[in-house]
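Protein chains in written order, with my numbering: chain F, 253 to 352; chain X, 253 to 352.
Please note: incorrect hints may appear among the correct ones.
Since copy identity is lost for identical chains, a pair holds within one copy or between any two.
To be verified - Listed below are the simulated SDA-like cross-link pairs for lysine to any residue, each with C-alpha atoms no more than 25 Å apart in a straight line:
#, residue 1, residue 2
1, Lys306, Asp260
2, Lys306, Ala276
3, Lys306, Phe296
4, Lys335, Asp260
5, Lys335, Ser314
6, Lys306, Ala277
It should be emphasised that the hints constitute simulated quantities derived from the structure, not laboratory data.
There are 2 protein chains.
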Amino acid sequence: MPDTLSDDQRSEALEGLDGWSYDAAANAIGKDFRFEDFGAAFAFMTRVALIAEKSGHHPDWSNVYNRVSIRLSTHDAGGVTDKDIGLATRIDALDPQVSA
Amino acid sequence: MPDTLSDDQRSEALEGLDGWSYDAAANAIGKDFRFEDFGAAFAFMTRVALIAEKSGHHPDWSNVYNRVSIRLSTHDAGGVTDKDIGLATRIDALDPQVSA
């Protein structure tokens, strides 16, 4: 099981990501995405699902029409680990067309 | 825009569905699904996404690994309408393999 990141480690890792922030209430890192419509949002979710399945690490996420909210936490470890930073990095690499 | 259902109409409609209940806080009807794993959960979500897109009515939903939580409400109408009952009926028709 990976170790949870310290506050400093987590802050440093977040600086290397694109628009992710720490959600203290969820003890997770999170990012909210907005797309042109539902089809674009679900296409993004499908790509994320494949990445998640391949990496064996899955998001907590929700969708309402063109909006997708992702929270990443390593439940077994009880917080944010390198697995979450890695998944966020791979999601960013999709370069999703986010309008807001 | 469809009219919202009265309490009686909504209760009667829920009786015709499989395991859906009224979520007063969300002013929506909801059902929680549990699958064998993430792949099964996302396969179900993909089928629901296609149904939603075809019907022009979309769910508010979230996923954590093998669990999918769906809430249906007609935002423009400010509550539960026949559009939500229709979408719930079509989701039930998928006969998803829910373990709990």
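Comparing the hints with the structure gives:
1. Lys306 to Asp260: neither (29 Å within a copy, 47 Å between copies)
2. Lys306 to Ala276: neither (27 Å within a copy, 38 Å between copies)
3. Lys306 to Phe296: both (16 Å within a copy, 18 Å between copies)
4. Lys335 to Asp260: Intra 16 Å, inter 49 Å, cutoff 25 Å: intra-copy only.
5. Lys335 to Ser314: Both: 20 Å inside a chain and 21 Å across chains, each within 25 Å.
6. Lys306 to Ala277: The answer is neither: 28 Å in one copy and 36 Å across copies each exceed 25 Å.
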